[in-house]
Every structure is written in C-alpha cells, then in structure tokens.
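*Asks:* Protein sequence lines correspond, in order, to chains A and B.
Quick note, the numbering used here runs 898 ahead of the 1-based positions in the first sequence.
Quick note, the numbering used here runs 204 ahead of the 1-based positions in the second sequence.
Note that these hints are calculated values from the structure, not bench results.
The structure presented is a predicted model; accordingly, all values stated were derived computationally and were not measured.
One should not assume that every hint holds.
Unchecked claim - Here are the simulated DSS-like cross-link-like pairs (lysine-lysine), alpha carbons at most 25 Å apart as the crow flies:
hint: 1; chain 1: B; residue 1: LYS276; chain 2: A; residue 2: LYS1006
hint: 2; chain 1: B; residue 1: LYS486; chain 2: A; residue 2: LYS1003
hint: 3; chain 1: B; residue 1: LYS322; chain 2: A; residue 2: LYS1003
hint: 4; chain 1: A; residue 1: LYS1006; chain 2: B; residue 2: LYS322
hint: 5; chain 1: A; residue 1: LYS988; chain 2: B; residue 2: LYS276
Unchecked claim - Which residues of chain A face chain B? A partial, calculated answer using Cβ under 10 Å:
hint: 6; residue: LEU947
hint: 7; residue: LEU980
hint: 8; residue: SER982
Even for Gly, the Cβ is constructed at its ideal location relative to N, Cα and C.
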Amino acid sequence: MAKKILIVDDSPSVLAILEDMLDELGYEAATATNGKQACQLLETNRYDLIITDLTMPIMDGIVFVQTAKQMPNCKFVPIVMLSSEEDEAKIAEAKQVGISTFLRKPVKEIQLKTILQVVLGS
Amino acid sequence: MKKSKYVDIFIREAEEHLEALRKGILALEKEGLSEAQLNELLRSTHTLKGSANMVDLVELAGVAHRMEDLLKDLQSGELEFSSDLVDVLLVATDAVEALMAQAQSAGGISVNVDSVVKALESGNLAEDEAQADISPDYAGTERRTSVRASVERLDQLVNRMGEILLSQKAMGARQQQMTKLLNQMDSSMGRLQDADDHSLKSLRSNMVNLINDFERDRLQLGYQAEDVYQRTMELRLLPLATATDDFERSLRNLARNLKKEVNFIVQGQDVELDRNMLDAIKPILLHVLNNAIDHGIEDPDTRVRSGKPKAGQITLQAQYEGSFIQVTVRDDGQGLDPEKIRSTAVKRGVLDAEAAAAMSDEAVIYLVFEPGFSTREFITDVSGRGVGLDVVKSNLDQVKGNLSLHSEIGVGTELVLRLPLSMAIFTGLLVECGGETYVFPQHYVAEALRVSPRDILEEMGREVVRLRDKSIPLNSLSQFLEQEQTAQITSRLTVLVLSFREQTMGLLVDQTLGLQEVVVKDLGCQLKSLEYVSGSTILGDGNPALIVSVADLFAAGQNRQALQLRQNYENEQNKAKRGRVLVVDDSITTRTMEKNILETNDYEVVVAVSGFDALDKLNAGRFDLMVSDVEMPGMTGFELTKKVRQREDTRDLPVIIVSSLASDEHRRQGMNAGAQAYIVKGNFQQGVLLDTVETLIS
C-alpha cells in the first residue's frame, strides 16, 4: 500500500510540483490550500505524513501544526514544513510546535525522497 | 518534470498575486499604512517568491524577495513610507509581469530586471522607467464591390501566407539565438564588464534594446500575418450547400433505381468550409449517403410492416462546434447488423474469421469503411472516376478529422464527422521519439499519461495500461517508425492516449514537448509513400517535423506484435550496476541522501553508520569505492581512511571524504590520510559527488 501524504500549500504550482514528485516516488498525495482545509481533511482521513507550508491565508502553518497535533487522528503523524521562510526566529517557532523537520523551498525530488525516507523510516 | 505545465499553473497563480499586489500598493498610498494591508502584501510576495523558486524562475523569485524585504522594512519602521516607495513597488510589479511573460515565451523575450532590483534595494528609482507605448491603429478597410479571383490564385495566396507565417515563427527562434549569444557574451566578458567599461556597457544595452525591438516587430508581424492569413483562408470558404446540392439529384436517382422512397433533408447548408476540406469530405459523405439508401433504408413495404413511415428519412446536418465543424448523417433505416458485417467482411477477405470474432460489436461496424468491404463503386465526380473506399480513411486523415459511427438494429444509423475549421493550421502536440520531433494533431490526443512499467498488464497476449477501469492497448511510436528501441525504459514512461473513431490506443513516446500551432506543408514526392506520416511542418526553431497519421496508426495497431516493455524493464533493472559503493556517515539524512543520489545513477550502495561499522562491511564484501564523513563518534573519517589504506585488500580502494569542514588544514589532513578527493558539503551538490565517483571508479 502506498503511503498517504497530505500536502498543504496555498500555491497551486507548488502543489502541482509536489504532487507529481510524490507520485513519482510512489506515494499517494492529497492536497489542501490552507490549514483550515487541511484540518477538515484530517477529521475524516488518515495520512502517514503531512507536508505543510508556513505562510498561508486563513490558517497559517504554525497554527495548523498546533491544531493538527491535538487531533486524535494526527497526534503522531510526522509533519515536514516546506517553506521559503528565512527568518530563523520563525523557523525556531515552527520547530517548537512539533514539526519533524524544516525544508527550504525550492526542494529537489531527491531531497524530498531522502527526507520522506528518513522521516517515515522506510 | 514537465516544466511548461508548472509554469502555466504558476502564471495563473501569479496573475492573482500581481493584481492583489497592485491594488494593495495603491491602497497603501491612498489610505496610508495599515498592518492588515501590509500583511496581505507580505503574504503575496512571500508566496510568489516560494512558488517562483519551485518552478525555477529564479529571477522572478529574486524580485519578489526584494519586494518582501522592502515591505518588511516598512513594517518594522526601518523604512519611512513615501510615494517614492510606491513607485518602486509598482515598477517591481511591472518587472514581475515582464518576467511572467518571459517565462511563458520560454525564454523568447529578454527581460532585464537589474535596475528594478537595484531600485528595490535602494528604495528609489534611479532613472525614468518610462516606456514608449506602441499600439497599432488599423483603420477599417472599406468594402469594395466584389471581384472574381480564380481558385488557383487563392490557393497560391494561401500557400504564400502560410510561408510567411512560417518565416515569422522562424524569426522567433533567431531571436532566442540572439539572446543566447548575448548571454554567452555576458558570461565570457564578465570580467571586462566589471572593469566598468562604459562603451562596452552601452554597446551591450544597445544590443539588448535591439533584441527587444526585434521581438516587438516580430510579434507585430505575427499578428498581422495571422490576420491576413485568416482573411485569405476565408476567401476560400464555400457553403456546404455547394456540395449537398449535387447530392440531392444523385440520391434521388439511386433511390428510384432501388425502388425506395427517401426524403433527403439538409440542415446547415450555410455552414462554410474550406474548399479543400469540402473536396475531401464529399466522397465520404457520398459514400455514407449511398450506403444509407442501399443498405440502410428498407423498401416501402418492409417499412410499413415495421410501423415506419413509407418514405425513409436521411438527414445531413452541419453545425459549428467550437473550433470544429460537426457534420452528422442520420437515417431511420434498419441499422447495421454487426453479425452480418462480420460474415461479409470475412467473405470478402477484409479480415480472417478469428479476428472478426474477436472484435466488439461497436468496433465491427467500422469495417464498412474498409477497402474491399463494399463491392459497389460510386461515381463521385463529373469525370466519372470511381473512387475506392479507402478514400474515407485517407481523406479523413488529410483533413485531420475524426469520425464516429453508431447504429441500432431496426432504428437507424448515425455517422458524426468532426472536422477542424482549417486544414492548414492546427494545434499540434509535439513529442520526441528516438531523438526526432513528431507532431500529433491535438484533437486526437485524449490525454498524456505517465506510467510505470509495473503498471503495464498483459491481456490476451497484448500489453495494455488501465485507465479509469478500461484497458487500453499499448503500442510504441518507435516501433511503428521502425526505429531502434533507443528510448531508455525508465521507471516512468510517457504514453499518449489517442482516440480515433471512438477507439483508444496508448502510444509510448520518449517525451512530450508541448503544444504549438503548426502550419501543414505537403510532403515532397519522395516522402509521399512514408508510412504513418500525413504531412510535415516547420517548427518555430526552423527545424522540420513530420506529422503523424493517427488514422494509419489505428489501422495498423491491431496487428502489432506484443511490446514486451515490462520484460525489457525488468531485464534493465537486473543489469549489472556501475559499481559498489560504501557510504559512511553517522547522519541518517546525509547517508540516505548520498545513497539515493548514487542509486539513482545505477550504483549499488551499502551504508555504514560509523567507522567501525564501515570496517565490518569492508570485511564482509568487496567495494569499488568508499564515501565517508569526517566527524563521526568513535572513529573519524580520517582515521577510517588511514585504516583502509593499511589493510591489504583495501589498499587501493578510492576514498572520497565528504565533510562540512572547509578549511585547507582539513583538506590537507584528508589527503594525508590517503583520500583521493575531498568534497565540502554544500546545500545540494549531487553533480560534484557523482562526477567524483565516476572519475574514481573508471
């Protein structure tokens, strides 16, 4: 069974690229364009991993991670943050709320592959 | 990765951000600085930066990044808000828009954003950025009384216009070459430029201007040529009635000879078609209409007995549908009986009994178009020449049309012809196969899939792919074209799903190159007999490309031998690896990354988590190379390398040290320990690692 990954990003082009990358790597991808939408998906679906952007409208990455970590479905699901944020304080804040790792955009397929293997332990 | 697809998505997204940015920036000026407004702007620039980076539009990301920085400075109060800043930000949005245009033209437009970046960094505009606005003003042409022109002269005119369009497209490629030259010049003269040579700088900016002007002129020429071409084409249009008027007489005669009663109704006589198109579809229509009377419409007695009106009805209807013309021929006769068609086809030698039995009822009715199926030859033109029925296929192919046939026993038969508006220009999907570019008319391509060889299944001795619960037979373009199977069978295959006469076929190609408007050129006499090719075209870059005949592919598709793609893939997988590499690193991320990089490039990789682990693995097996980190607990990479050098069996094993320690002292230590290469960990430098591994192994 292919592992299911939820991607959360407000940029359609980023979603398209990540979806294709994950598809190539043999994962099954679902997408949401902000934290709120992602939370709705999390209520009814189980994912093996979440990749989220930091800066998003409606609900940003940090609030989303905090919310997700309190959902029973999602407590132990690893979350990878993928953002072009350069502000170290912001990144540190994200790490505090419980992300597994922070990746800087742009991400290459082989980087993503590696991180997913490491985080998913496969 | 198909870049164009992502760029298109990105452009749509960026347009929204651009609009929001412009509105927001103007609102800042009108309503003063507000935290909410600033946050909105910051988010837009931030997202723009991130997305642009992902689609590899680095320059655009750079501009967005500078805008973000400037807005952040405004937010923190480091910068004082002024209308100068508004100007700078607005000019920056113009630059973003220009870069978007450049991205869409795939490098066809040259955009220089250096001054904008500088302005964003300094907070004010250095020079005036005014741009001359050149908008053409075409005065409406006055209508004259009509003149007569021979069809031959019109054809010449259309052909010449086609040539002009081709030249214009070729100019686009020339312009790209100029831009490329300029870039080459820049990189080889970079040092001179730094020397602040004013004459050189002005020379360069003159050249940039020249290229931009050229681009503008070229686009202008393109619009005008396209317009003239369109108008010239319209001169050749004839209403459908010119063909159908001929039909009525001959159909009435045929019906009378067969003692049948038929009402022939034409709808959409005013629909205008290209004269050549009309010539091409006329035999098809006539064939179908004759068939309808001959085999479709029952004799009056039979009709009355089955409760139908005495006179049969045949309707020919034409209508515009988007960029197509749809022609429908419908009769209320007895319909086509698949069983009868099977036996007739076998009897007349169109195909053997086994093949006929294997065909579905939906597919079997198309056999009526096969040469040899019908013995009746219809006289279709005034010269009295009988036309063989293969004209249906070849003519359909010539006009790049499509056809579907439906029939219900006892109720009637319906044939739908879909024809492009123009025969001479169409949107083509460019694909690469065996290093050559081929063009597929876009309307035959239902979709393009990326499949893994593992997704290929075998059904009844054929390889198929599954798409939405349907099996699609798989063929390979290179096999049709009798190319050597040069295409590497990689883990992802590109398959076009072609649809013709309501049948589908998967066609393996090396890769898709995007859509392009193409102008059809006739093949020269030498190429006329080429199989699977219906014409040629000249691409934007000036190179010729062949247009694939989808009709031919389908005609031949059934009889192809199995592809064995899956088998080939598995063989490939089992092929000897390029070498065995031991990767030593205590960081799981680093060693997984190095393993992935090497494995992707066909090396066999074993990982070790420490120096001791590495020595164990070296004892257990033979390796061609070792890649090691330096700072590891217990034993450093330098110590490990020394030990490797001391051991009898690994004395000559090449060692690459990969480390974040960048000083010369560390490099020297690495070399002293006996490493052949020392790579400093960058952000992401798979190229360096691979090059080094390759050099040392071979």
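*Asks:* State the violated hints by number, sorted upward, taking the hints as numbered earlier in the document.
*Replies:* 1, 2, 4, 6
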